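When you number the sequence shown by full-length UniProt numbering, it's gap-free, plus one each residue, and the end is 503.
Mixed in with the good hints there might be a few duds.
Stated by the list, open to error - Computed spacing ranges between beta-carbons, pair by pair:
#1 Arg27 with Val166: 29 to 35 Å
#2 Gln113 with Trp74: 28 to 34 Å
#3 Thr29 with Leu378: 45 to 51 Å
#4 Leu72 with Leu281: 35 to 41 Å
Because the hints were derived from the structure by calculation, they are not lab data.
These figures come from a predicted structure and were not determined experimentally.
All residues carry an ideal CB built from backbone N, CA and C; glycine is no exception.
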Amino acid sequence: MNAAGFPLLTLLTFLPLAGAAIIMSVRGTDEVVASNARWTALWTSLIVFLLSLILWVKFDRASSGFQFEEKLAWLPEFGVGYHMGVDGISVLFVLLSTALTPLCILASWESIQVRVREYMVAFLILETMMVGMFAALDFIVFYVFFEAVLIPMFLIIGVWGGPRRVYAAFKFFLYTLLGSVLMLLAILYLWYNAGTTDIPALFEYAVPRSAQTWIFFAFLCSFAVKVPMWPVHTWLPDAHVEAPTAGSVILAGVLLKMGAYGFLRFTLPLLPEASADFAPLIFVLSIVAIVYTSMVALAQEDMKKLIAYSSVAHMGIVTLGIFTFNQQGLSGALFTMLAHGVVSGALFLCVGVLYDRLHSREILRYGGTARVMPAYALVFMLFTMASIGLPGTANFVGEFLVIVGAWRINPWVAFGAATGMVLGACYMLWLYRRVSFGAITRDDVRALLDLSPREYAVFAPLIILTLWMGIYPQPFLSFFEATVAALVARHEAALSISRLAGM
C-alpha cells in the first residue's frame, strides 16, 4: 500500500477492466449496445483520468525514489511479487496514458460503427496494460504488461483497420514479440543470479561486467523495436497507415514510449558500463534514423505514413538524448517523449478529421481546405509548428535540451540531433501547404464541414498542453528533475568504480 493505505495504482490499473466487464454484460439491440458501450467506456476512462490527477497533486517532486508503492506476495518462493510504484520517470507516462484514452474514445464516437462494444472493450483493456506497464516495479509483472499491450493493439489494427489491416497487425505483433523473447532471457538471468525480480532490489545488484554486454543487446533487441529505432522501424508505417485514427494516437502517443522507457528504467541503471560502451552505436543509429526517415517522409503521399516516419525521427532524438548520460540530455529525452505523445497524437487526430469526411489520406487528393475549414486549418497549423519544434510549443523545449546535452558529449552528435528540427520543417511545412493552401483539388472538398463540438472537445486539451509545455515547461520538468539527477549520479559512480577496478 502507499502512505495513505489506499491502493491508488492498482485502482488506476484495473478499473478499466471493470468498465470492460460492464460493457460486455449489456444486452439489447445493436444500437443500444453500441451507445452503452461508448458512454461506459468514456465515463470509465474519465474517472480513471480524474483519479490519476491525484498522482499529479500528491507526487513529491523533490524525491528521487518510488512513491505510491504497493506490495503483495505473489510467488515468494521464487522472489516474484506484485509490486507497483511510480517515480519521476514513470509518473507522467501514467498520466499521459490516462489522458489520451478518453480522447481516443471520444474521437472514435462516430467513426467506429462496427463491433462497437468489442472496440471499446479493447481500448479499456489497452489502458489497463499501459498503466500497469509504467507502474510495475517487478520485472515479471512488468514483462506481463509489456507483452499484453500487444494483444488489444493487434485486435484494434486487425479488426478495425484499413484494407491491409491483417498484414499490418501481424507485422506489428511479430516484430515486437520477437525482440521481447530475448529480453525474457535476460530477465531470467537476472532472477537466477540475484534471486529476485523486484526492480528496486535489482538496482542494488551489481551485474557482472562479463554479462552486461549480452544483457544489453537482449534489452536493445526488445526496446529498439518498440521505439522503433532504425533499421527495425519498418513495422511502424504499416501499423499507422492501417490502424484506425484512435489506434494511431495511442500507438504514437504511448506505445512508442515503451522502448525508450525501458532504456531509462532498466538499461542505464542496471548496465551502466555496457550502456557507456555502446553509446556511440546508439548515437549512430539515432542520427541515421533522424536523417533517413526525415528524407523518406518527404517522399510520402499518405498523410499518416508521413507522420509515422516523422515519429521515428523524433524518437531518434529521444534515444540520442538518453545515452548522453547527463541531466540536460536525459531531461530533454523525457520531455520530448511527453511532447511527442501529445503532438503526434494530435496530428493523427487531424488526419482522422479529414479521413472521416473524405475517406482518403492521400496528400494529392487535398488542397485548399483552409478556405472551407478555417478552424481546422488553425488547429492543424498549431500542431504542425509544434512538430517542427517552434519556440513556444512543446517539442522545442525537449529537443533544445537534447541538443544541449549532446553538445556536452560531442558537437557533431549535437549537429546530428539538430538536423531533425531542420528536416522536420521541410516535410511538415510541405504537408501543411499541400493540405491547407493552394487550389481546391476536389469538388467535394467545398462541402466539408469545419470542426464539430465533439472535435473541439478532443483538440482543446491537446492545444492547452502543447502551449503550456512550450511556454511554461517547469511544472513538467520538475517531476523528473530529482530522479534524473539521481540516475546520472548513479551512472557516474558506477563508471568511476569500474575505472578504479580496471587500474
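**Study point:** CB-CB spacing for Trp74 and Gln113 relative to the 28 to 34 Å hint
**Key:** 42 Å, violated
Check your understanding: Does 45 to 51 Å hold as the CB distance between Thr29 and Leu378, or does it fail?
Key -> 40 Å, violated
Check your understanding: Between Arg27 and Val166, is the Cβ distance one that fits in 29 to 35 Å?
Key -> 30 Å, holds
Check your understanding: Does the hinted range 35 to 41 Å hold for Leu72 and Leu281 at CB?
Key -> 39 Å, holds
Hints 2, 3 from the earlier list are contradicted by this structure; the remaining hints agree with it.
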